[in-house]
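In the numbering used here, the protein residues as written are 25 to 113.
One or more hints might be untrue.
What the hints assert, rightly or not - Here are the simulated SDA-like pairs of lysine to any residue, each with C-alpha atoms no more than 25 Å apart in a straight line: (1) Lys42 x Phe66; (2) Lys26 x Gly64; (3) Lys90 x Asp35.
Please keep in mind that the hints were generated in silico from the structure rather than gathered at the bench.
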Amino acid sequence: MKAIITVIGSDKRGIIAKVSGILAENNINIVDISQTILSGNFVMMMMIDLAESEIAIDALRTDLEKLGEQMGVNINIMNEKVFSAMHRI
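With the hints as extra help, turn the sequences into a complete structure.
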């Protein structure tokens, strides 16, 4: 299964490294990544592949939300199919 992770918040060192670290610990591949800084705000979108991971998306969501709270950023994750359906014109 593929999923989309979004991260939004004030820019600070280590955001990509810490999110990527959680993914690596859970054997999750980053398929694509885009990040930018908009008026001092960090904005990142990742497409990930959970095919080789044993963690459930809900457990991963909990881990990422906890990390977001620690770093002062908002981290969300949703199934890629749901994300695509929501953003279809």
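So, going through the hints one by one against the coordinates:
no. : hint          : result
1   : Lys42 x Phe66 : 14 Å, holds
2   : Lys26 x Gly64 : 29 Å, violated
3   : Lys90 x Asp35 : 18 Å, holds
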